[in-house]
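Visitor: Just so you know, we're using this note's numbering here: the sequence shown kicks off at 1 and counts up by one.
No lab work stands behind these hints, which were simulated from the structure alone. Nothing here was measured: the structure is a model prediction, and the numbers come from that model. Ideal Cβ positions, reconstructed from N, Cα and C, are used throughout, including at glycine. One should not assume that every hint holds.
[Claimed, not checked] Pairs of lysine to aspartate or glutamate residues, derived as DMTMM-like cross-links and limited to a Cα-Cα distance of at most 25 angstroms, are as follows: (1) 342 - 128; (2) 181 - 146; (3) 126 - 139; (4) 262 - 229; (5) 207 - 222; (6) 126 - 106; (7) 179 - 213; (8) 342 - 354; (9) 104 - 70; (10) 255 - 295; (11) 104 - 340; (12) 361 - 106.
[As the list claims (entries may be wrong)] Okay, the calculated beta carbon distance ranges per label pair: (13) 257 - 378: 22 to 28 angstroms; (14) 97 - 206: 41 to 47 angstroms; (15) 297 - 64: 37 to 43 angstroms; (16) 127 - 225: 43 to 49 angstroms; (17) 403 - 342: 51 to 57 angstroms; (18) 402 - 97: 45 to 51 angstroms; (19) 79 - 126: 19 to 25 angstroms; (20) 398 - 147: 39 to 45 angstroms; (21) 214 - 127: 37 to 43 angstroms.
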Amino acid sequence: MQRRQFATLLAAAAATALAAPALAQSRAPAEIRIGYAISKTGAYAGGASTTVLPNYQMWAADVQKAGGIEIGGKRVPVKFFEYDDRSNSEEAVRAVERLINQDKVDFILPPWGTAMNLAVAPILHKHDYPHLATTMISDRIPQLRERWSNLFFFTLTSTDYANGVVDVLTRLREEGKIKGKVAIVNVADQFGLELSKAAREGLKKAKFDIVYDQSYPLGSQELQTILNEVRRREPEAFLAFSYPPDTMSLNDQAKVVGFNPKVFYTAIGTVFPMFKSRFGANADGVMGLGGVSAELPATRDYRQRHLAMFKQEADYNGSAVTYATLQILQQAITRAGSIDRKAVSEQIRTGSFETVLGPVKLTNRLWAEASSVGQWQGGVFQPISPKSAIGVKPAVFPKPEWK
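Build the full structure now, drawing on both the sequences and the hints.
Guide: As structure tokens, then:
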């Protein structure tokens with residue numbers, strides 16, 4: 001009797017094992033629906049169309065070429081939905097609500113920029129969508145992490161980025177290369193206000209002399225008046241916590257008015273390929289926010305594929321990070337074995353992933369290995385701070401004269 005029972009149990013176990021792959025496949029949906037709202041027009045379009053949108057398009061092409069995303073041993077096709085948020089927070093919220101309620105998407109990719117990510121974060125949290133933020137910079141990261149358990153950060157805090165600049169200036173002062181006169185300007189939105197506040201506090205603590213400190217409205221293009229006033233103060237370092245349009249204008253107009261301090265830093269947009277295209281040799285020596293080294297083989301391969309697909313280089317900061325988060329999302333879906341968003345978020349929270357940045361593992365839902373400051377050197381944007389950053393290079397000093 002015992003032998004018969006054992007044989008029956010053994011047969012049942014074998015049947016279960018044979019059925020497991022079929023059961024896993026039966027849980028796979030007919031398709032995976034993924035959507036996003038992105039700034040295709042408006043003030044944020046330059047950043048979105050450089051750092052984020054090409055990577056969404058590249059990943060979509062890679063996924064489609066592979067036959068979809070694997071769930072339970074089966075390749076599931078992916079359908080993508082796209083909306084223009086017009087660089088408007090209210091429009092971004094409406095678009096995300098449309099993706100959730102009308103398009104019934106399984107996953108939502110994030111918008112570009114701090115303000116837009118903050119606008120949609122509560123909705124994504126309410127509906128359990130994993131939110132992998134790659135262009136959201138804020139000193140509120142610890143508080144936001146507590147409030148929204150599905151929010152994952154792939155940037156540093158405002159203070160981290162600002163302190164990176166302060167550290168560079170402190171090293172230069174210790175080496176006797178500057179005495180300490182600094183000018184600060186910033187775009188008057190959440191990003192610029194937070195970064196300038198953190199920089200101001202860091203510079204004062206380090207005993208630097210802030211000779212000029214002024215904000216300007218979002219969308220400002222005519223900045224010569226500010227630059228002329230800054231030039232009269234004769235700072236050794238100029239720090240602009242700027243967005244792409246004003247980053248371009250500040251560099252253009254600094255050359256026009258003959259303003260060329262020893263340290264010239266502009267924030268968002270400095271890493272963009274259009275910066276190098278626009279300024280050529282004049283880009284050399286200009287510092288900016290962030291910087292991802294292209295020395296890793298996986299990063300080099302990614303940049304080559306990006307160039308081949310778009311006939312334009314990826315930027316040297318958020319581009320590779322954005323693509324890496326898409327790889328993380330895809331691997332998390334496969335490991336979860338379903339499109340259950342809570343299960344996918346748990347995989348992101350606990351897993352280690354192979355990406356174009358190399359292996360990535362989050363600590364307390366934060367990837368804290370980004371560099372804080374980079375600089376154009378010989379046509380390549382190199383990370384220069386912190387010293388622990390991958391591929392970090394010494395800063396070129398002083399900034400060369402405008403040509």
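Visitor: A separate judgement is required for each hint: does it hold in the structure or not?
Guide: Hint-by-hint comparison with the structure:
Restraint check: the Cα-Cα separation between residue 342 and residue 128 comes to about 6 angstroms, which is no more than 25 angstroms; the hinted pair holds. With a CA separation close to 39 angstroms, the supplied pair residue 181 and residue 146 exceeds the 25 angstroms bound. Of the pairs offered as hints, the one joining residue 126 and residue 139 holds, with about 23 angstroms between alpha carbons and a cut-off of 25 angstroms not exceeded. As the CA atoms of residue 262 and residue 229 are separated by approximately 17 angstroms, the hinted pair is consistent with the 25 angstroms bound.
Our distance criterion of 25 angstroms between C-alpha atoms is broken by residue 207 and residue 222, whose separation comes to about 32 angstroms. Between the alpha carbons of residue 126 and residue 106 the distance comes to roughly 14 angstroms, so the proposed pair stays at or under 25 angstroms and holds. With a C-alpha separation of about 18 angstroms, the suggested pair residue 179 and residue 213 falls inside the 25 angstroms cut-off, and the hint holds. In summary, the hint linking residue 342 to residue 354 is supported, as the alpha carbons are separated by about 21 angstroms, within the 25 angstroms threshold.
The hinted pair formed by residue 104 and residue 70 meets the criterion: a straight-line CA distance of about 20 angstroms does not exceed 25 angstroms. Taking the CA atoms of residue 255 and residue 295, the gap is about 32 angstroms. The hint is violated against a cut of 25 angstroms. Between residue 104 and residue 340 the CA atoms are separated by roughly 13 angstroms; this keeps the pair inside 25 angstroms, and the hint holds. Taking the CA atoms of residue 361 and residue 106, the gap is near 24 angstroms; set against the 25 angstroms cutoff, the hint holds.
Remark: the range hint 22 to 28 angstroms for residue 257 to residue 378 is upheld by a beta-carbon distance near 26 angstroms. Checked against the given bound of 41 to 47 angstroms, the beta carbons of residue 97 and residue 206, roughly 45 angstroms apart, stay inside it. The supplied range of 37 to 43 angstroms is broken by residue 297 and residue 64, whose beta-carbon atoms lie about 25 angstroms from each other. Between residue 127 and residue 225 the Cβ separation comes to about 46 angstroms, which falls inside the hinted range of 43 to 49 angstroms.
Between residue 403 and residue 342 the Cβ separation comes to about 55 angstroms, which falls inside the hinted range of 51 to 57 angstroms. About 48 angstroms separates the C-beta atoms of residue 402 and residue 97, a value consistent with the hinted range of 45 to 51 angstroms. The supplied range of 19 to 25 angstroms is met by residue 79 and residue 126, whose beta-carbon atoms lie about 23 angstroms from each other. Taking the beta carbon of each, residue 398 and residue 147 are about 44 angstroms apart, inside 39 to 45 angstroms as hinted.
Our hint of 37 to 43 angstroms for residue 214 and residue 127 holds, since their Cβ atoms are close to 41 angstroms apart.
In terms of the numbered hints stated before, the structure departs from hints 2, 5, 10 and 15, listed from lowest to highest.
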